[in-house]
Amino acid sequence: MRIFPANKIQNKKILGRAGTLKNSIAIFWSASGIELNVRASELWARIDSDFSTHEVWIAIFVDGVQTARLMLNKGTNEICIFRNMNPNVAKNVRIYKETQAMECDGRHKMVLKDFRTDGIFLPVKNASLKIEFIGDSITSGEGTVGAKIERDWISAFFGATRTYAFKLAQMLDADFSVISQSGWGTVTGYDNDTSHAIPAYYKKTCGLLHGAANEKLGAQTEWNFYLWQPDLIIVNLGTNDQGAFTSPPFSKTNFKMRLCADGTPEKASADFFERGVVEFLKLLRAKNPGAKIFWCYGMMGRLLAKNIKNALDFYKRQSGDKNAHFVLLPEMDLKERGALGHPSEAQHEIAARFLYKKIVCLKSMLK
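Each residue of the sequence shown is one higher than the last, beginning at 1496 in this note's numbering.
Hint data in this document are derived by calculation from the structure and do not stem from the laboratory. Incorrect hints may appear among the rest.
[Claimed, not checked] In silico DSS-like links for lysine-lysine, alpha-carbon gap of 25 Å or less:
#1 Lys1698 to Lys1782
#2 Lys1699 to Lys1517
#3 Lys1747 to Lys1782
#4 Lys1830 to Lys1662
#5 Lys1762 to Lys1747
[Claimed, not checked] DEER-style ranges, computed between Cβ atoms:
#6 Lys1777 to Gln1505: 22 to 30 Å
#7 Cys1575 to Asp1668: 33 to 41 Å
#8 Asp1613 to Ala1800: 20 to 28 Å
#9 Arg1578 to Asp1647: 31 to 39 Å
#10 Asp1668 to Ala1800: 25 to 33 Å
#11 Lys1508 to Lys1853: 25 to 33 Å
#12 Glu1573 to Ile1615: 35 to 43 Å
#13 Leu1722 to Asp1757: 43 to 51 Å
#14 Asp1757 to Asn1719: 41 to 49 Å
#15 Lys1777 to Ala1642: 19 to 27 Å
#16 Asp1613 to Glu1831: 30 to 38 Å
#17 Asn1621 to Gln1813: 49 to 57 Å
#18 Glu1573 to Ala1642: 26 to 34 Å
#19 Cys1575 to Lys1777: 42 to 50 Å
We treat Cβ as the ideally placed atom computed from N, Cα and C, and that holds for glycine.
Please work from the sequences and hints to get the whole structure.
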């Protein structure tokens, strides 16, 4: 058995944005991790973890099938990926972070330290399609694990490998990267906190994580967009901006998204939101010049559907960009919802299949 530092393995694929240290790899976002092809009879991983409140959960896949889902303890976790297998047959291994980057827990971390095996690592192929997903709790997989009655906001109820994003990537045989945070939006969080806006942190590796420990792991470094250019960007934001209209003003700033008497957004709030959509589209296009952009919305309410479409139409007229599209997703069936009032895995499956048809249709139209 030999020990291989994670970042020293040449034949590997890092999944999602990560902090690459001298020997190890810091994993931040939902569904981020590592992919390896290993010809061996056994493989072990050492993963460092820490948390204050919200622990890290991971999922392990061998040859495309999930073989384990487990919580990481504080400190170093030594995990058997597989053993007693045919040493002459190559196995595809993927380790995914099931929980999102926890902005509310400064100690929450996952670091791939090394792998121990009696075999060798083989080259890992890149997929022909790359997708970047940007979203909130839906994209993070909140509520895809756990009973429908659950209301405790804990790491165990996040399942990044049960989301529409993960399922769609599988359907399209695509490499993918996820940037998502529960409760956050385009211009404001559900609680009217305007600092909880995903676009403000898009240019950093994982900019919403603060503190010395996260900075040391590389969370605050500028992301090198040339390293990984997506062919398709799927934005699923707006649900928490929508939630802000029915939430109290944010206590620290007294900011509030407001509704008219008829239940539609007041003009000032609507304009603020639409400007945010346009500015984010400009940023996405500047950093990803060749990508097609789908702005998706509607799984948990449709208050801002018209505003997102208005913003997209304005952006396209202003920029001449023909590769940005609005997609209204199937609304969640409340009878079939998962934990924490969020879409269940079955609802994510419906959304993934809906998006798959849209993408395949668009491909045929563009040929």
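So, going through the hints one by one against the coordinates:
1. Lys1698 to Lys1782: holds, 9 Å
2. Lys1699 to Lys1517: This hinted pair holds, its Cα atoms lying about 20 Å apart.
3. Lys1747 to Lys1782: Status violated; Cα separation ~33 Å.
4. Lys1830 to Lys1662: holds, 22 Å
5. Lys1762 to Lys1747: holds, 23 Å
6. Lys1777 to Gln1505: 22 to 30 Å: Taking Cβ atoms as reference, Lys1777 and Gln1505 lie about 38 Å apart, which means the hint is violated.
7. Cys1575 to Asp1668: 33 to 41 Å: violated, 28 Å
8. Asp1613 to Ala1800: 20 to 28 Å: This hint is violated: roughly 55 Å between Cβ atoms.
9. Arg1578 to Asp1647: 31 to 39 Å: With a Cβ separation near 35 Å, Arg1578 and Asp1647 satisfy 31 to 39 Å, so the hint holds.
10. Asp1668 to Ala1800: 25 to 33 Å: holds, 30 Å
11. Lys1508 to Lys1853: 25 to 33 Å: 27 Å Cβ-Cβ, so the 25 to 33 Å window holds.
12. Glu1573 to Ile1615: 35 to 43 Å: Check failed, 21 Å falls outside 35 to 43 Å.
13. Leu1722 to Asp1757: 43 to 51 Å: Once the Cβ atoms are compared, 48 Å apart, the range 43 to 51 Å for Asp1757 and Leu1722 holds.
14. Asp1757 to Asn1719: 41 to 49 Å: 47 Å Cβ-Cβ, so the 41 to 49 Å window holds.
15. Lys1777 to Ala1642: 19 to 27 Å: Violated, since Lys1777 and Ala1642 (Cβ atoms, about 42 Å apart) do not stay within the stated range.
16. Asp1613 to Glu1831: 30 to 38 Å: Violated, at about 46 Å.
17. Asn1621 to Gln1813: 49 to 57 Å: violated, 34 Å
18. Glu1573 to Ala1642: 26 to 34 Å: This hint holds: roughly 31 Å between Cβ atoms.
19. Cys1575 to Lys1777: 42 to 50 Å: holds, 47 Å
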